[in-house]
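Chains A and B supply the protein sequences, listed in that same order. Just so you know, my numbering puts 80 at position 80 of the first sequence, and the rest follows in order with no gaps. Just so you know, my numbering puts 15 at position 15 of the second sequence, and the rest follows in order with no gaps.
Derived by calculation from the structure, the hints in this document are not laboratory data. Since the model is a prediction, treat every value here as computed from it, not as a measurement. Glycine residues also receive a C-beta, built at the ideal position from the N, C-alpha and C atoms. Treat the hints with caution; some may be incorrect.
[Stated by the list, open to error] Here are the simulated lysine-lysine pairs, DSS-like style, with alpha carbons at most 27 Å apart:
1) LYS227/A / LYS205/A
2) LYS59/A / LYS227/A
3) LYS205/A / LYS59/A
4) LYS71/A / LYS59/A
5) LYS71/A / LYS211/B
6) LYS293/A / LYS70/B
[Unchecked claim] From the derived model, a few chain A residues whose C-beta atoms are all more than 12 Å from chain B:
7) GLY4
8) SER153
9) MET212
10) GLY213
11) SER258
12) GLU261
13) GLU333
Single-letter residue listing:
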Amino acid sequence: MRFGAHEPLMMDSGIALAPWQIAYQTYGTLNADRSNAVLICHALTGDQHVANDNPVTGKPGWWLTMVGPGKPVDTNRFFVICANVIGGCMGTTGPASTDPATGRPYALDFPVVTIRDMVRAQAALIDKLGIESLFCVVGGSMGGMQVLQWAVSYSTRVFAALPIATAARHSAQNIAFHEVGRQAVMADPEWRGGRYLTEGTRPSKGLAVARMGAHITYLSEMALHRKFGRNFQDRSAPTFSFDADFQIESYLRYQGISFVERFDANSYLYVTRAMDYFDIAAEHGGSLAKAFKGSATRFCLISFTSDWLFPTSDSRAIVHALNAAAASVGFVEVESDKGHDAFLLEEPEMFAAVRGFIDAAARVRGIA
Amino acid sequence: MIASTLPATDLETGHRLDFLLVADMVEPGSRVLDIGCGDGSLLAILRDRRGVDGRGIEISREGVNACLAKGLPVIQGDADTDLADYPDDAFDYVILSQTIQATRQPRVVLEHLLRIGRRAIVSFPNFGHWRVRFDLGVRGRMPMTENLPYSWYDTPNIHFCTIRDFVELCREVGAQMEKAVALNAGGQPIRVTLPWWVWNLLGDQGVFLLKRR
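Same shape as in the complex, but just chain A (with noise of 0.2 Å):
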């Protein structure tokens, strides 16, 4: 969807960027009183492709075990939407895009995004596909900000909201973890200050060391030690070198690799900054419940027991604000030693409480 000059997306730092585009995917059918939309809101490095095979790396969708025919967020009941987010680099507009006023990518002069700044982009692309209101909002991690903002932002346009493994603020771990990986993007010399895209070259070492850190954050120690233990990789000793004598090692550099070839350096720096600035409560007094008062919207959370980059604690923390804010919302705690990936994997009670919330909420909206 193109948004001309005259619709610039008005964003936080107080830049209005024009024009602009914002690419997503649909699945399903919008019913006649336009009520079983259902957005879903994508993780930092995810895209629109949530249930479809994706056109970059010829995987399947990144959410199929959740989205699709007779899955808990049903493709045949609701008409689900999933947007790039602003800062991206699946076709929405972000610093690799050009930029109208030098005919160059925008780089480092593309404006810092902010989650709200998101949420604004997909507000836009809804209006223009004439839905007044959603019936549902999910998302897990960073999508899950994007859940708590469209709550808090357009509380009135969301009948549900299901944020998954996420926090109302960035902790300063989490942030600490975003800078390193920022900080080995920018200390690669093919990144060039930025200006790689002119220039030439490409920062994948650097993004490569980046992913390859926040990878390690994705997941527990359990999982870690389950799925590789001290295993060696292809061998049967250490090579007294710094191969990757360990699995762990093939793995994570394998991951590194892999992600440099569909995902953009300096999105990544820009969209880690969105979650770093994410603080809904300091938008409003430093009271999250606050921030949800009158809130209409029906919440269910969900958080994973071996979780430690968004714990259980943080979505206590919104359950609690929300329960001050007399807004109705569910909370379940699944027990997985997956980590903060949880949410993506075969996970069978988050499965369950998915589809029963929606189901239920689907009754109320009066959706067949």
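Based on these hints, arrange chain B on the given structure of chain A.
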């Protein structure tokens, strides 16, 4: 004595009789918090029959999922630790149904109930019932009855009390008893007005409607 986990139910609706009794104590259209709400049966009755805006806290994941599937806003949590986070007077009624005997600090929990809700409804198995006394006093065994089907070593019930004990606790925390009902083993209220010691002997469960004094 036969241990059964099936509580007495209304033959027509299948609803538990003690739930129906509790539901009758709740003003229609009020805001209710059900602590230890299980699979949400009582909350569903309150919503469907009394038009109540109900919330729940439940410790088990299975229970929470069953509630979510009924469209009930229930959060996974623990009565012993989570009640402190609720503001004063947040609800018209706070219900603690068959749960107080499983809490670590029943007195603290009761005080929270009276703080969070304008009224509190507490139901619990009466450890003063004659069959309990018979098991302990005559047979010399820890009691197992319909309402208390667990062996002593695997029971979640760690703080039993009798109806008279509970009345005494209410006095200590300054709770005013607006209604007090004893249910017999069939789940029927013992209608006649009897002295406390008789209720304490014949009541299988006690159900109390309390108000902060």
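### Message
Between the alpha carbons of LYS293/A and LYS70/B, is the straight-line distance 27 Å or under?
### Response
25 Å, holds
#### Entry: Assertion that SER258/A lies farther than 12 Å from chain B (Cβ)
Holds, because the least Cβ-Cβ distance between SER258/A and chain B comes to about 35 Å, which exceeds 12 Å.
### Task
Would you check the hint for LYS71/A and LYS211/B, treating anything up to 27 Å between C-alpha atoms as holding?
47 Å, violated
### Query
Should the label of GLU333/A as a non-interface residue stand, given a Cβ cut-off of 12 Å to chain B?
5 Å, violated
### Query
Going straight from one Cα to the other, do LYS59/A and LYS227/A come out at no more than 27 Å?
22 Å, holds
### Task
Report holds if the minimum CB distance from SER153/A to chain B is greater than 12 Å, and violated otherwise.
The claim stands: SER153/A keeps its Cβ more than 12 Å from every Cβ of chain B (closest is about 22 Å).
### Task
Could you grab the alpha-carbon distance between LYS71/A and LYS59/A and see if it respects the 27 Å cut-off?
19 Å, holds
### Query
Within 27 Å, alpha carbon to alpha carbon, are LYS227/A and LYS205/A?
This hinted pair holds, its Cα atoms lying about 25 Å apart.
### Query
Is the Cα-Cα distance between LYS205/A and LYS59/A 27 Å or less?
23 Å, holds
### Task
Just double-check GLY213/A for me: nearest Cβ-Cβ distance to chain B has to come out over 12 Å.
32 Å, holds
### Message
If I take the minimum Cβ distance from GLU261/A to any residue of chain B, is it greater than 12 Å?
### Response
39 Å, holds
### Message
At 12 Å, judged by beta carbons, does MET212/A keep clear of chain B as stated?
### Response
34 Å, holds
Hints 5 and 13 from the list above are not met by this structure, while the remaining hints are.
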